Amino acid sequence: MHPWIGLSDEVRLGLLTEWIAPELVDEVLTACGRGNAKPRPLSSRFMVYFVLALALFQQDSYDDVAENLVGALAEMDQSVPNKSSFTRARQHLGAAPLEGVFRRVAGAIAPPPLETAFWRGMRIAAVDGFLLDVPENDMTRAAFGGQVDSAGRPIGFPQARVVTLTETGTHATIDARIGSFKGGGGEPALATEMAGSAAGMLVIMDRAFPGVALWKAYTQAGAHLLIRARTFVAAKPTEV
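Residue numbering for the sequence shown follows my numbering, starting at 1 and increasing by one per position.
Heads up, some of the hints might be wrong.
[Claimed, not checked] With a straight-line cut-off of 20 Å between C-alpha atoms, the simulated SDA-like cross-links for lysine to any residue are:
| hint | residue 1 | residue 2 |
| --- | --- | --- |
| 1 | Lys182 | Gln159 |
| 2 | Lys83 | Arg104 |
| 3 | Lys216 | Ala189 |
| 4 | Lys182 | Gly200 |
These are calculated hints, taken from the structure and not from any lab test.
Keep in mind it's a predicted model, so treat the numbers as computed, not measured.
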């Protein structure tokens, strides 16, 4: 069961602002050059929390999510701006502050006494990939691409490819990379970029990931790998 299931909206927002403190958000915004001179309804700080809240309340509209935030943040009054204001504010915010917040809070959290999170002194992590639909427009289609039929015509929405490095004992995300559906080396290339975050860990991967570049990157970073290889890679077992 997901840890958020069963929690009230107020409790979810309380945990969000507790784990991602306003001071942390302000530091990231300053580093990204997105700080505001004075508070306003759609300040950069508010927009960071608004985008995070969109994930907590996935079935709600922009207006409903904004109303949920009323009272949770000091600078948000009882007046909810129109949707076009949110669109402009999100465009002004950009992606960098959200990635900055993620980099500040992501990481392994299992304490050493949690035996199920370790094996022979190594923290256990897993690399896995998945696809996310993104809005259909010319810009996202060009940037991400997507599935096509035999005639080369698009099928469904454009899709972003996501690969994560996750602590298996807690399901905490240690690192993540986002790429396009159409190229760039696919999941193995994105996984290779995260090698530095896996130092000292035992990393589990599926059979889609083996490759010389990936193997070198993780072993040089001090990680150990457990990978389910394809039969042509591991045709002759050396030990059972």
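Straight-line alpha-carbon gap lysine 216 to alanine 189, limit 20 Å: holds, 12 Å
20 Å limit on alpha-carbon distance, applied to hinted pair lysine 182 and glutamine 159: The given pair, whose Cα atoms are some 9 Å apart, holds under the 20 Å limit.
Straight-line alpha-carbon gap lysine 83 to arginine 104, limit 20 Å: violated, 29 Å
Proposed proximity, glycine 200 with lysine 182 (alpha carbon, max 20 Å): Answer violated: lysine 182 to glycine 200 is near 32 Å, above 20 Å.
Against the hints set out earlier in the document, violations occur for numbers 2, 4.
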